[in-house]
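There are 2 protein chains.
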Amino acid sequence: MDQRLERIQLPALRERVVSAQQAASWITDGMAIGLSGFTRAGDAKAVPNALVERGEKAPFRIDVYSGASLGCGIDGRFAQSGIVRKRAPYQSDSLMRASINSGEVQFVDHHLSQTAEWVRGGVTGPLDFAIIEALGITEEGLLIPTTSVGNSMVFAHHADQLIIEINTAQPMELEGIHDCYEPEALGMRQPIPLVSPRDRIGRKGIPIDPAKVKGIVWNDQPDSPSPIEPPDADTNIMAGHLLDFLRGEVKAGRLREQLPPIQSGVGSVANAVLHGLIDSEFEELELYSEVLQDAVFDLLDSGKASFASASAITLSADYMERIYRNFSQYRDRLVLRPQEISNHPEIIRRLGLLSINTALEFDMYGNVNSTHVAGTKMMNGIGGSGDFGRNAQLAIFVTKSTAKNGRISCVVPFASHIDHTEHDVDVLVTEYGFADIRNLAPRERAERIIANCVHPDYRPQLQDYFTRAVAQGGHTPHVLGEALSWHELYTGEGTMIKKTL
Amino acid sequence: MDQRLERIQLPALRERVVSAQQAASWITDGMAIGLSGFTRAGDAKAVPNALVERGEKAPFRIDVYSGASLGCGIDGRFAQSGIVRKRAPYQSDSLMRASINSGEVQFVDHHLSQTAEWVRGGVTGPLDFAIIEALGITEEGLLIPTTSVGNSMVFAHHADQLIIEINTAQPMELEGIHDCYEPEALGMRQPIPLVSPRDRIGRKGIPIDPAKVKGIVWNDQPDSPSPIEPPDADTNIMAGHLLDFLRGEVKAGRLREQLPPIQSGVGSVANAVLHGLIDSEFEELELYSEVLQDAVFDLLDSGKASFASASAITLSADYMERIYRNFSQYRDRLVLRPQEISNHPEIIRRLGLLSINTALEFDMYGNVNSTHVAGTKMMNGIGGSGDFGRNAQLAIFVTKSTAKNGRISCVVPFASHIDHTEHDVDVLVTEYGFADIRNLAPRERAERIIANCVHPDYRPQLQDYFTRAVAQGGHTPHVLGEALSWHELYTGEGTMIKKTL
Numbered sequence: 001m002d003q004r005l006e007r008i009q010l011p012a013l014r015e016r017v018v019s020a021q022q023a024a025s026w027i028t029d030g031m032a033i034g035l036s037g038f039t040r041a042g043d044a045k046a047v048p049n050a051l052v053e054r055g056e057k058a059p060f061r062i063d064v065y066s067g068a069s070l071g072c073g074i075d076g077r078f079a080q081s082g083i084v085r086k087r088a089p090y091q092s093d094s095l096m097r098a099s100i101n102s103g104e105v106q107f108v109d110h111h112l113s114q115t116a117e118w119v120r121g122g123v124t125g126p127l128d129f130a131i132i133e134a135l136g137i138t139e140e141g142l143l144i145p146t147t148s149v150g151n152s153m154v155f156a157h158h159a160d161q162l163i164i165e166i167n168t169a170q171p172m173e174l175e176g177i178h179d180c181y182e183p184e185a186l187g188m189r190q191p192i193p194l195v196s197p198r199d200r201i202g203r204k205g206i207p208i209d210p211a212k213v214k215g216i217v218w219n220d221q222p223d224s225p226s227p228i229e230p231p232d233a234d235t236n237i238m239a240g241h242l243l244d245f246l247r248g249e250v251k252a253g254r255l256r257e258q259l260p261p262i263q264s265g266v267g268s269v270a271n272a273v274l275h276g277l278i279d280s281e282f283e284e285l286e287l288y289s290e291v292l293q294d295a296v297f298d299l300l301d302s303g304k305a306s307f308a309s310a311s312a313i314t315l316s317a318d319y320m321e322r323i324y325r326n327f328s329q330y331r332d333r334l335v336l337r338p339q340e341i342s343n344h345p346e347i348i349r350r351l352g353l354l355s356i357n358t359a360l361e362f363d364m365y366g367n368v369n370s371t372h373v374a375g376t377k378m379m380n381g382i383g384g385s386g387d388f389g390r391n392a393q394l395a396i397f398v399t400k401s402t403a404k405n406g407r408i409s410c411v412v413p414f415a416s417h418i419d420h421t422e423h424d425v426d427v428l429v430t431e432y433g434f435a436d437i438r439n440l441a442p443r444e445r446a447e448r449i450i451a452n453c454v455h456p457d458y459r460p461q462l463q464d465y466f467t468r469a470v471a472q473g474g475h476t477p478h479v480l481g482e483a484l485s486w487h488e489l490y491t492g493e494g495t496m497i498k499k500t501l
Numbered sequence: 001m002d003q004r005l006e007r008i009q010l011p012a013l014r015e016r017v018v019s020a021q022q023a024a025s026w027i028t029d030g031m032a033i034g035l036s037g038f039t040r041a042g043d044a045k046a047v048p049n050a051l052v053e054r055g056e057k058a059p060f061r062i063d064v065y066s067g068a069s070l071g072c073g074i075d076g077r078f079a080q081s082g083i084v085r086k087r088a089p090y091q092s093d094s095l096m097r098a099s100i101n102s103g104e105v106q107f108v109d110h111h112l113s114q115t116a117e118w119v120r121g122g123v124t125g126p127l128d129f130a131i132i133e134a135l136g137i138t139e140e141g142l143l144i145p146t147t148s149v150g151n152s153m154v155f156a157h158h159a160d161q162l163i164i165e166i167n168t169a170q171p172m173e174l175e176g177i178h179d180c181y182e183p184e185a186l187g188m189r190q191p192i193p194l195v196s197p198r199d200r201i202g203r204k205g206i207p208i209d210p211a212k213v214k215g216i217v218w219n220d221q222p223d224s225p226s227p228i229e230p231p232d233a234d235t236n237i238m239a240g241h242l243l244d245f246l247r248g249e250v251k252a253g254r255l256r257e258q259l260p261p262i263q264s265g266v267g268s269v270a271n272a273v274l275h276g277l278i279d280s281e282f283e284e285l286e287l288y289s290e291v292l293q294d295a296v297f298d299l300l301d302s303g304k305a306s307f308a309s310a311s312a313i314t315l316s317a318d319y320m321e322r323i324y325r326n327f328s329q330y331r332d333r334l335v336l337r338p339q340e341i342s343n344h345p346e347i348i349r350r351l352g353l354l355s356i357n358t359a360l361e362f363d364m365y366g367n368v369n370s371t372h373v374a375g376t377k378m379m380n381g382i383g384g385s386g387d388f389g390r391n392a393q394l395a396i397f398v399t400k401s402t403a404k405n406g407r408i409s410c411v412v413p414f415a416s417h418i419d420h421t422e423h424d425v426d427v428l429v430t431e432y433g434f435a436d437i438r439n440l441a442p443r444e445r446a447e448r449i450i451a452n453c454v455h456p457d458y459r460p461q462l463q464d465y466f467t468r469a470v471a472q473g474g475h476t477p478h479v480l481g482e483a484l485s486w487h488e489l490y491t492g493e494g495t496m497i498k499k500t501l
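Chains A and B supply the protein sequences, listed in that same order. Note that the working numbering gives residue 127 to position 127 of the first sequence, counting from 1, and the numbers run on in steps of one. Note that the working numbering gives residue 142 to position 142 of the second sequence, counting from 1, and the numbers run on in steps of one.
Errors might be hidden in some of the hints.
The list cannot tell twin chains apart, which means a pair is met if one copy fits it or any two copies do.
Claimed, not checked - Straight-line distance between alpha carbons at most 20 Å, and here's what the computed SDA-like set of lysine to any residue pairs gives:
1) Lys498 with Asp464
2) Lys377 with Thr467
3) Lys86 with Glu444
4) Lys377 with Val479
5) Lys377 with Pro456
6) Lys251 with Ile497
7) Lys377 with Glu444
8) Lys377 with Glu447
9) Lys498 with Gly481
10) Lys377 with Gly492
11) Lys404 with Ile323
FYI, nobody ran anything at the bench for these hints, they're computed from the structure.
Isolated chain A (complex conformation):
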């Protein structure tokens, strides 16, 4: 017998093994599919690639929902082949981004906790197929996910039919780290009984209806490694500012020495901040996050962190090799949950999270843009930053003060797109310092942000704008005709630096 069949412990399903091409042939023009995958982890790989190959020969268009970003170049191949009409809720691929910005792909940039509600509530419309990567299927009919849970549970439960990709490249030691829980339907929903990042409230796999499994496909491709850059001088300085802020909160009695559970977004800055905690005085850290990056494993190795909960594990190539080789030593300190639970407002508010996410730009009143370059061009999407920022105890946003070698100021008079409003943002951090803007009126916030966060090359011109705005009055003073002029200037002249004030 094919050894791989041992991964399918439900005998009736062993007969459903098909080729990726055959499974892909079931997906036809106008359909909507739900794919496993969250921040390049645990994504279905074989069938999406076979779909693209078919689409390159005979065009068709489908709607593609996922957990979050897909790896293995799949979103790029989707974009190049032109087979995707609608894409939600998140992506991070340069080719897909180009298709979104040209208007070819209709991208729905959606809070990662909410797609599950839309699927259950029929807002997305029916999903024809869920395509879910799995370690295997147990004899009780549980699908065991791999390196992410994402939206796999809601897709598996609500899609008409199911295609399972069993990934034989993933270590069986992953079994047992998942906690699969789906809230009751609206109208009969109970409290989600999770009061600590360590709590297990569901099952070790996703219960599936065997009758809905139309096919099972083998796949032996590892996840794409994460391209996260190591900390540099600036990110280390920013991590230092953030630690200073936290120390101040402890000293003022607003935080205990044991910090609240931490959520940290995707990216180099967030990674650097977590690295900064390794050498800090803080102990017994817990993470309640959406993705576990390299630094989380360093925190676990150092003994600084005692537990980590998320929806996915996304590692760089070196870490991936090392961590999965020694995975048994991490198993008891990790849990992966559906993104609906990792990012749920009920839990985020209850746990009082300390939430750290990356901004693309923010304005002098504290409005944050996480998604759009110059207000129009999509980067990746809001991801979980809105889920966490809106409901966390502390919503902290970090960015370098400038981009493009200083030609863009990341602190502007008026954010060119707003993903997190002034009402939701607590603390802003750049390499120049932090601005704690809680319980401040807009004018007070502007003074603090200009003093603490803006690059010196832009400070005089932002101060000048603010002074002239205040002269015009208003709770949130602006010179409307100039509010977006920095972005216009950059678009026209390649820099936001004004020649004269």
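Position chain B relative to chain A; hints supplied.
Same frame as chain A, now just chain B:
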């Protein structure tokens, strides 16, 4: 014995009765106070007025926190006397608004559910006094609120000292309609055990520490009546569109015939929408809202609504007279909660609310401005609209398509201030129709909003802007140099109508 003393059933406290002037004398320069009061209901009246009188003679400045808006002209008197340095989290007074917009008062415009977290967490700094209107004090030491609960519980528990205003003008039948519950401190917080608008999870009054009660003051002034205007032709048409949307959702199977609990914001349009439900086919309605206005009592009278939960009761003069005269017939169908609970994201998401709030303007991509005229001048504040919009099953925003006799379009290219982002807004309604923008990409949303919501006088110029923006490309196309030009035009020429396209 003074009959009024029967309202104080804790004998030790009877000796603490003082004049409003004496109580006000304890509040001195630099202090912070927390006042009862939510949408003009249940506000402390005597001591704030005495404070103003003192301030008019001898200047001092204090920070004033409340539940939401205060009635009885108190915010206006605060503003005129100049005694307020900081004001949070909401107000709706024209004089206070002027002081906020001139920069004299530092206004912190804050989600109504979150002020309690800030008070508990020390973010507001210590509160020197809580001044709470009450029906009376029971022998178990429970302070029974009057027509609102607001932030009274967290103020009473966390302020250093307490001044209680016993309002003898309020009917004792109000006792028993309050459900006072405060979540545990962060780090030990449990699920809030509320799964239906009808659930009672707390106590009938606010437990107080008698040692903290510095004084008790008599007050016999009724609440300010609400100035809500009756439905007019436009608001009735908007209510009709909203009902059409709901019928479509039921037909599509996305809502059951028994609608989810309804939240409806303050104001004439929201009131008209609730009135529209009286003659509709929907039955057994439940409200889980922040304030109960006139229309809710009409819904209860008509038998259409069976239960209503909120944080305050705010009525027009006629209704106030009638409802409080016959209050016993409503008592079993009402509950008033702390605003932290009426507006809590955990509960709003769990109950799957249908949330209806008023917008000041929205843009063609679905970003909503609830607070700032022309991006700079504060109206009232975000109130609970962010609490509800962000976490509701359906976040619906309503506004007439124009204001100022057609000189302002309430649908613009780029919202001049953003309180609710494109990620949070589900349905937009004007008298021209509704736009359901769920699961749509920005360009798809713009097409629907232009077709369904914009006033015909502005449709060609918004379509023209959109067409030229799309020609420039991007996920969310804009012509940055023109994005705020409608607001500039209005500021300069008194109309948003362009002479030539």
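Discussion item. As a check of your reading, is Lys251 near Ile497 (CA-CA no more than 20 Å) within one copy, between copies, both or neither?
Written reply: Neither: 39 Å inside a copy, 55 Å across copies.
Fill in: Intra- versus inter-copy proximity for Gly481 and Lys498 (alpha-carbon distance at most 20 Å)
Both: 15 Å inside a chain and 16 Å across chains, each within 20 Å.
Practice prompt. Please work out whether the CA atoms of Lys377 and Gly492 approach to 20 Å or closer within one copy, between two copies, in both situations, or in neither?
Written response: within (15 Å within a copy, 31 Å between copies)
Worksheet item: When no copy is named, should Lys86 and Glu444 be tagged within, between, both, or neither for a Cα gap of at most 20 Å?
Response: between (42 Å within a copy, 11 Å between copies)
Practice prompt. Please work out whether the CA atoms of Lys377 and Val479 approach to 20 Å or closer within one copy, between two copies, in both situations, or in neither?
Written response: This pair counts as between: shortest inter-copy Cα distance 12 Å, intra-copy 24 Å.
Worksheet item: Checking Lys377 and Thr467: alpha-carbon separation at most 20 Å within a copy, between copies, both or neither?
Response: Answer is between: at 16 Å across copies they meet the 20 Å cutoff, but 30 Å inside does not.
Practice prompt. Check Lys377 against Glu444 for me: Cα-Cα at most 20 Å, and say if that holds within a copy, between copies, both or neither.
Written response: between (31 Å within a copy, 16 Å between copies)
Practice prompt. Check Lys404 against Ile323 for me: Cα-Cα at most 20 Å, and say if that holds within a copy, between copies, both or neither.
Written response: neither (34 Å within a copy, 64 Å between copies)
Fill in: Homomeric proximity label, Lys498 with Asp464: Cα distance no greater than 20 Å
within (11 Å within a copy, 30 Å between copies)
Worksheet item: 20 Å Cα cut-off: does Lys377 pair with Pro456 within a copy, between copies, both or neither?
Response: neither (27 Å within a copy, 30 Å between copies)
Worksheet entry | Status of Glu447 relative to Lys377 across identical chains (alpha carbons, at most 20 Å) | between (29 Å within a copy, 19 Å between copies)
Hints 5, 6, 11 from the earlier list are contradicted by this structure; the remaining hints agree with it.
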